[in-house]
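A.B. asks: In order, the protein sequences belong to chains A and B.
Using this note's numbering, you'd call the opening residue of the first sequence number -7 and step up by one each time.
Using this note's numbering, you'd call the opening residue of the second sequence number 110 and step up by one each time.
Treat each hint with caution, since some may be false.
As the list claims (entries may be wrong) - No more than 27 Å apart at the CA atoms, straight line, and that leaves these computed lysine-lysine pairs for DSSO-like:
id: 1; chain 1: B; residue 1: Lys668; chain 2: A; residue 2: Lys16
id: 2; chain 1: B; residue 1: Lys427; chain 2: B; residue 2: Lys412
id: 3; chain 1: A; residue 1: Lys116; chain 2: B; residue 2: Lys545
id: 4; chain 1: B; residue 1: Lys668; chain 2: B; residue 2: Lys585
id: 5; chain 1: A; residue 1: Lys116; chain 2: B; residue 2: Lys550
Said to hold, decoys possible - Listed below are several chain B residues computed to face chain A (Cβ distance under 7 Å; list not exhaustive):
id: 6; residue: Arg534
id: 7; residue: Met535
id: 8; residue: Ser538
id: 9; residue: Gln541
id: 10; residue: Ser544
Simulated from the structure, these hints should not be mistaken for lab results.
Note that the coordinates shown come from a computational prediction; the quantities given were computed from them, not determined experimentally.
All C-beta atoms, glycine included, are put in the ideal place defined by N, C-alpha and C.
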Amino acid sequence: MEVLLVEDSPGDVRLTREALRDAKRSIHLHVATDGVEAMAFLRHEEAQIRAPRPDLILLDLNLPRMDGREVLAQVKADNSLKTIPVIILTTSEAEADVVQSYQLHANCYLTKPVQLDAFECLVKSINDFWLGEVTLPPPSQPR
Amino acid sequence: MIRDISLRKEEGLVGDALWESEEMYRLLLDGIQDHAIFMMDPGGRIVSWNAGAERIKGYGADEIIGRNFSCFFPPEDVGRGRPEEVLRMTAANGRHEEQGMRVRKDGSRFLASFTIKALRDQAGNLRGFFEFSHDLSERKESEARYRGLLEAAPDAMVVVNQDGNIVLLNLQAERQFGYHPVELVGQPVKTIIPTGFAERLIADGTRTAAAALAQQIGTGIELSGRRKDGSEFPVEIMLSPLESPDGILVTAAIRDISVRKEAERHLAQLESRYRGLLEAAPDAMVLVNHSGEIVLVNAQAKKQFGYRRGEILGQHVKKIIPEGFTERLIADVLQSAASAPTPEVRAGLELTGRHKDGSDFPIEIMLGPLKSTEGILLTVAIRDITTRKKAETLLLRTVQELNRSNEELGQFAYIASHDLQEPLRMVASYTQLLSKRYKGKLDSDADEFISFAVDGANRMQRLIQDLLAYSRVGTKGKDFGEISSEEALEQATTNLRGAIEESGALVTHDPLPTVLADDGQLVQLFQNLVGNAIKYRNSGVPQIHISSAKSDSKSGETKWSFSVKDNGLGIESKYFEKIFGLFQRLHKREEFAGTGMGLAICKKIVERHGGSISVESQLGQGSTFRFALAGSKGKS
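Starting from the given sequences, assemble the full structure and let the hints guide the process.
C.D. replies: As structure tokens, then:
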């Protein structure tokens, strides 16, 4: 499974990577540290010409250069990208952020828990649900 | 026979000059309507006729000229030879006056008063006669009419002649002065009006009675009237002229103005008393007329504005209150005073006053109308509010400062806690990860070090979360609504079900009321208190009971007093206040977990709801926490 994690904190990247370690399925985790890199990856631009199409996008909201809200808007406006489930994974609990994300057609919104175990649990749930239970759209476009 | 002069002219018998003056004479005669004036020849035949004669006797000039004047006499007089006799007497005496019956053209009779004069030429020859007469019945009629009017008049009416004597008076006059009419007719008017009336009628060398009279017509003159018994009373007289053949008479309407005078005196007395009060008033008081001019200042006002009385009286009020004291304001107050039965006072107008030296100071004025003999005036009470204004400004500024400061603090607390969370999360997560992955793989020192680090990070996380929760009580507080406190308690116990099951605690409650509160915070409040009661339990089954009691506050609002009673460890009295402080704990970390924020949060919530929280307790015997909330507006 190809997962794109858009996250600027290396600490969180590592934690997520650790938490996604799963015996049952093999997950390739790709990381973009800001919105610009994320869009380049998704659009196979420049160095990312050979980037695979992710099955799932984990998106933080507060990113440098181009923030997560902008990425969300662009992905969901793009006919070839909008079918990829986007999961907002952020520290923000602000109602405004929640509302805006859903309005921009995020598939779901998750607040990063403060405690480690809770965080690990959450990432596991994402793994089990979105990559296990959910039927993802078939690869629709040739590369 | 002397014929009509115009005929004579035509015949060329009379010269032009003579004719012209006679023509003017004719015009004059024709102007007279009240009297018949005509000429006769020595035999009594009519040679000239005026309009008055036409009116009184009923004959037109062309009908009567040439006829004998005996046709005016009643037949019986003609039979007696009266007409000739009259002429004979007139010729003999030169003039004859008489009153007798005459007959009109239509045969009706009337009493006439007539005067006949004999006309003789320079040689003394009788040339004819000249009659001047009027209808006495008309005179009598008009006299009767006049008398009727007099009697009907509501005021006392008196008719006085040019000598100052009373010729006529009405019933009211008799009554007012206490006389019989006969007692006053012919008496000098001085009898009833000792001074001021008769003098006005006297024609002196410089003016005629008519002119003197003309000056008095229409104006009411205030004089003094004297009754028969000698007592005097104030009167007002109004004069009007009356023509009579005896000369000009004066009709005086005399009105008793005792009542009015008394009212005026009373008013003047009230006014002087009021002015006295004004003078002595502790506030600056100024009386202003409808044009805005100052008519009175009291001592305090002079002192406050720095003027002497003479300098400020008559000035416009703008001099001491430059702006805001508009004509509109004055008109408003005066108008409402005129129409309203009780005077309305306008209070609390804040304006600016100006000292004599030109410096301004803040004032508060109070306006009220005052009915006086000069009309309605405006009383203005002026209070110097400089000190008050300074205090108000200071207060306002302090409040603004405080608000700003509070907001800053609130923001600071929030930002601090929020932004501290991020790096803290990293520390806590990775130390925990370290602990998980390397426990037992490093030496025991490493294990211990790691466990202290993890512990510290965890505590810090909890502290920050509690601090955030504390600051959110204010910043994220919702508006109050009508909340069922029973439902809030139920939610709290649901949230605590883990701890309740684990401890086997028994949580009971009396029926609880509907209160005015923030629902989330009410749940939090119950949760903290019940949670504490479970946490700090004694041996045995923890029993927690929540009850409430109604109390009416001073302002009539309903207040509900809640109590959360437990059978836990209890608290020493010296800590009763300390426990509500921030991060205050009474136990070691090893004994009981907790950050010491729980009760601080409870206190903040209760205080936000306008109440207060307290505890009663005995060590080893449990505690009762009490707090009060405002009741709902409706029934609970």
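A.B. asks: State for each hint whether it applies.
C.D. replies: Evaluation of the provided hints:
Annotation: proposed proximity of B/Lys668 to A/Lys16 is violated, straight-line Cα distance about 61 Å (limit 27 Å). A C-alpha spacing of about 18 Å is found between B/Lys427 and B/Lys412, which places the hinted pair at or below 27 Å, so the restraint holds. This hinted pair checks out: A/Lys116 and B/Lys545 have alpha carbons roughly 17 Å apart, not beyond 27 Å. Taken as a hint, the B/Lys668 and B/Lys585 pair is honoured in the structure, with Cα atoms around 24 Å apart against an allowance of 27 Å.
Distance restraint check for A/Lys116 and B/Lys550: the Cα-Cα separation of roughly 26 Å lies within the 27 Å cut-off, and the hinted pair is therefore satisfied. Using the Cβ-Cβ criterion of 7 Å, the hint placing B/Arg534 at the interface with chain A is satisfied: the shortest such distance is roughly 6 Å. With a cut of 7 Å, the hint placing B/Met535 at the interface with chain A holds, because the nearest CB-to-CB distance is about 4 Å. At about 4 Å, the closest approach between the beta carbon of B/Ser538 and any beta carbon in chain A falls short of 7 Å, and the interface hint on this residue holds.
The interface hint given for B/Gln541 holds, since its Cβ lies 4 Å from the closest Cβ of chain A, which is under the 7 Å cut-off. Taken as an interface hint, B/Ser544 does not check out: its beta carbon lies about 9 Å from the nearest beta carbon of chain A, beyond 7 Å.
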